[in-house]
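Work out the full structure: start from the sequences and follow the hints.
There are 2 protein chains.
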Amino acid sequence: MRYELYYWAGIQGRGEFVRLALEEAGAEYLDVARQAGGEEQMMRLLGRPSVEHLPFAPPFLKAGELIIAQTANILLYLGPHHGLAPADEAGRLWVHQLQLTIADFVVEAHDTHHPIASGLYYEDQKKEAKRRTADFLKNRAPKYFGYFEEVLVRSGGKHLAGRRLTYADLSLFQIVAGMRYAFPKAMAKHEKKLPRAVALHDLVAKRPRIAAYLASERRIPFNEYGIFRHYKELDA
Amino acid sequence: MRYELYYWAGIQGRGEFVRLALEEAGAEYLDVARQAGGEEQMMRLLGRPSVEHLPFAPPFLKAGELIIAQTANILLYLGPHHGLAPADEAGRLWVHQLQLTIADFVVEAHDTHHPIASGLYYEDQKKEAKRRTADFLKNRAPKYFGYFEEVLVRSGGKHLAGRRLTYADLSLFQIVAGMRYAFPKAMAKHEKKLPRAVALHDLVAKRPRIAAYLASERRIPFNEYGIFRHYKELDA
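These protein sequence lines are chains B and F, in that order.
All letters in the first sequence, in the order written, are residues 7 to 242 by the working numbering.
All letters in the second sequence, in the order written, are residues 7 to 242 by the working numbering.
Read the hints as simulated data drawn from the structure, not as lab findings.
There's no promise every hint is true.
To be verified - Pairs of lysine-lysine residues, derived as DSBU-like cross-links and limited to a Cα-Cα distance of at most 30 Å, are as follows: (1) B:LYS191 / B:LYS133; (2) B:LYS164 / B:LYS195; (3) F:LYS149 / F:LYS198; (4) F:LYS149 / F:LYS133; (5) B:LYS164 / B:LYS191; (6) F:LYS132 / B:LYS144; (7) B:LYS133 / F:LYS133; (8) B:LYS238 / F:LYS133; (9) B:LYS132 / F:LYS136; (10) B:LYS68 / F:LYS149; (11) F:LYS133 / F:LYS191; (12) F:LYS144 / F:LYS238; (13) F:LYS199 / F:LYS164; (14) B:LYS149 / F:LYS68; (15) F:LYS133 / B:LYS132; (16) B:LYS136 / F:LYS68.
Listed below in structure tokens is the structure:
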């Protein structure tokens with residue numbers, strides 16, 4: 007079965023967490039919106055009255071007859087099908103719990119540059135963005151990263167859930183990469199306290215399929231349209 | 007088995023979505039933090055190095071040996087164990103997808119009064135709160151509610167996933183109730199476009215176990231410490 011991933015063509019965004027899982031799994035997939043006419047095809051699908059399980063927003067994944075939306079939910083589906091999650095209930099819930107905490111982090115990272123409205127330009131909420139980012143870098147990001155570092159201390163392996171890689175590890179890799187892009191100064195300082203998270207980032211980056219993906223054109227570069235944006239004035 | 011729910015004692019907050027599911031299920035549970043010394047007990051548990059699956063934050067549920075955190079993840083666990091989610095994979099993913107969209111709504115509803123930092127007082131971000139709330143009431147809340155109304159149109163029943171109640175319905179009830187409390191003026195206008203969501207709210211409120219719960223002291227009243235807060239100046 008060839009999956010179809012539907013997500014905005016120009017950004018990593020939330021779609022990237024799904025792309026990383028599909029790439030690590032070696033799954034066959036079409037990144038629909040990046041094909042000619044693909045974004046229109048995505049919008050048509052979202053507008054079709056016959057879609058039974060309507061997504062609120064991209065990303066969503068077509069897997070045979072299934073249409074699955076919400077990033078963490080897509081990973082919940084892919085995990086057991088591709089050996090990217092434990093098979094038992096307790097392990098599955100634990101990895102999903104980690105993913106949902108990463109999802110919370112993603113919202114907060116996004117809202118650093120859009121604290122007032124996602125529909126407004128950054129330039130229209132720059133003052134508020136400075137205030138929100140200052141708090142994010144001082145309090146929130148360290149709290150999340152400290153948490154994941156502690157999880158790695160307890161995990162009994164190099165991965166969040168122990169010895170085996172799960173989709174949550176791929177997502178933590180993306181968080182570290184994104185934070186380095188958006189806030190290079192703040193992250194350089196902060197990373198010193200995160201030896202395990204950084205080691206996990208490096209481990210993921212070296213996995214053959216991920217390394218090949220990162221070096222390919224399929225990996226969209228970070229830019230100022232996605233979740234992790236670099237605005238010099240925000241990086242304290 | 008008696009569940010133990012760990013959540014802040016003074017607010018409905020995110021814990022309420024779990025409480026509603028436990029109440030509808032008729033499950034035996036202890037609301038730990040609301041007992042004498044309960045919040046200290048919760049914090050001690052969070053600080054204990056022996057906890058294998060460490061929660062990032064409350065709410066979390068103790069189910070036998072399992073400790074499960076993240077609201078939507080707790081419901082993912084409770085759903086199939088108490089007939090509050092479909093048994094098949096497609097149905098389970100669909101209800102979870104709806105719940106994750108509700109979770110996104112909850113973040114945005116919270117951030118109306120805390121657009122800059124959850125660690126600061128509302129009074130310290132009042133100006134920003136006004137801007138964010140104006141956008142939330144004009145654009146975001148209608149987008150979410152319009153989505154759930156459309157899901158109800160397509161569901162083939164009175165509930166989000168069809169004829170049978172799921173935990174997502176209980177959560178949508180809570181969203182409607184919360185929005186009525188926080189923004190009575192804006193909601194009164196907006197509700198006219200949401201006949202199905204309002205009907206579902208009423209249906210849930212009348213379910214015997216939910217009705218008994220809402221009338222009991224176990225239901226903490228809405229207040230200005232939780233997610234849905236009423237500040238007259240924000241209700242346009």
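Hint-by-hint comparison with the structure:
no.: 1; hint: B:LYS191 / B:LYS133; verdict: holds (20 Å)
no.: 2; hint: B:LYS164 / B:LYS195; verdict: holds (22 Å)
no.: 3; hint: F:LYS149 / F:LYS198; verdict: holds (15 Å)
no.: 4; hint: F:LYS149 / F:LYS133; verdict: holds (24 Å)
no.: 5; hint: B:LYS164 / B:LYS191; verdict: holds (26 Å)
no.: 6; hint: F:LYS132 / B:LYS144; verdict: holds (21 Å)
no.: 7; hint: B:LYS133 / F:LYS133; verdict: holds (12 Å)
no.: 8; hint: B:LYS238 / F:LYS133; verdict: holds (25 Å)
no.: 9; hint: B:LYS132 / F:LYS136; verdict: holds (16 Å)
no.: 10; hint: B:LYS68 / F:LYS149; verdict: holds (23 Å)
no.: 11; hint: F:LYS133 / F:LYS191; verdict: holds (20 Å)
no.: 12; hint: F:LYS144 / F:LYS238; verdict: holds (16 Å)
no.: 13; hint: F:LYS199 / F:LYS164; verdict: holds (16 Å)
no.: 14; hint: B:LYS149 / F:LYS68; verdict: holds (23 Å)
no.: 15; hint: F:LYS133 / B:LYS132; verdict: holds (14 Å)
no.: 16; hint: B:LYS136 / F:LYS68; verdict: violated (39 Å)
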